[in-house]
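Colleague: Required output: the full structure, derived from the provided sequences and hints.
Residue 30 in the UniProt record's numbering sits at position 30 of the sequence shown, with consecutive numbering throughout.
Treat the hints with care, as some may be off.
Think about it this way: if two alpha-carbon atoms lie no more than 20 Å apart in a straight line, the pair counts; the simulated SDA-like pairs of lysine to any residue are [to be verified]:
{"#": "1", "residue 1": "Lys-63", "residue 2": "Glu-379"}
{"#": "2", "residue 1": "Lys-222", "residue 2": "Val-174"}
{"#": "3", "residue 1": "Lys-397", "residue 2": "Ser-270"}
{"#": "4", "residue 1": "Lys-221", "residue 2": "Gly-192"}
In case anyone wonders, no lab produced these hints; they're calculated from the structure.
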Amino acid sequence: MSWFRLKKKDNKRSVDSGVIEEIGQPFQVSHVVHVGYNPATGDVEGLPEPWLKLLQHSNISAKEQSKHPTAVLQALKYYQHSIKNKNGVAKFLGTKETVEQESKEIADTVPEMSDDEGLDEPPEEEPVPSKALPRDEDHKPPVAPLASPVMRSKREEAPRVSEEEVMLQLQSIVNPENPRERYSLMNKVGSGASGTVYTATDRRTQRKVAVKTMELAQQPKKELILTEIEVMRQNKHPNLVNFLDAYLVDGDLWVIMEYLEGGALTDVVSETVMREEQMAAVCLEATRAIAFLHSQGIIHRDIKSDNVLLGMDGAVKVTDFGFCAQIRPDEKRHTMVGTPYWMAPEVVTRKQYGPKVDVWSLGIMLIEMMDGEPPYLNETPLRALYLIATHGKPHIKDRERRSPQLLDFLDRCLESLGRTF
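Modeller: Right, here's the structure in full:
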């Protein structure tokens, strides 16, 4: 199959005496707030004023807020954490450890609930398909959002490797050659908080590659970069945009990756009507990439058409599965870290989850190929998070026009996420 790119429009205590010898700084501090709904007013009560302002901007109606205050708070937590990290913290490989760390950070973004002072809400209802999503008459027009404070818990952290040790280890694993002698930089195709992306030509092979340059002084988690380079070097697959090499240049890290000239699947889904055979071909290749990542203990966490690249020879490759792999130049739909529209409900609600979240996102990407866009794309990110948390499996348009095989695959992708690590 040939693809082509369409131009887009210490506390210490003596055990024997019981006497406190030293009082240290508090840690594992949590802020307990009683949040519930007032049936007389239909309003959620107990949220700090900045979050109320965010809700006014969210297009989540007062009725929706009162019906599912837990989902409102969960959406706020995830949204605020994502906005906080948008320009400062890159996405690292999704392993069990990084998933757990992210969950803790999100839980600390707003006050945590105690066991007996949580969210009051009506009896829980089963999620319903999102066929009709009208807003209530009491919906207020959006207002400009205010910056929201972030409330952190102070936790005991394991000793971190020093910056000097990280740099020494990095020097030992990168290519010591001068990349400027091998690669001829051509065009700057993108830039962001995590670095700048160029296309380049390998003078030895005449092959076109992507070069991501990162200013290491601006990267807060250098030790994770070490881990990623090793993982990506050891784990290559025909359906991944593969790591080729890495260099240190005047304090910058250069990461060389494969380059696919066909562009992103987004260009195809937004400009053409795909046949089921084409959708199946893309899903098959993407599934192979996802299965390989899962076999290595890696969760992608951001499967969507933007992160599926096409080659002029028909190749289909998944990218953006870790910090070093983030080479896609188009940032126009990156409003959050971990774009919300493709997310599984379990990710939004912070339930324990595992690799199945990528299968859910694959199902949403299939809907994207069918309809040209994912569910809720025209909603605000915060309301999209709320709808994902409360509606579960989205409504499938024109089911009668689809083959039984496609619908069976889609339904299996969008099953509830029962299995974790």
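Colleague: Please go over all the hints and tell whether each is borne out by the structure.
Modeller: Outcome of the hint check:
{"no.": "1", "hint": "Lys-63 / Glu-379", "in the structure": "holds, 17 Å"}
{"no.": "2", "hint": "Lys-222 / Val-174", "in the structure": "holds, 14 Å"}
{"no.": "3", "hint": "Lys-397 / Ser-270", "in the structure": "holds, 17 Å"}
{"no.": "4", "hint": "Lys-221 / Gly-192", "in the structure": "holds, 17 Å"}
Hint compliance for this structure: every hint is met.
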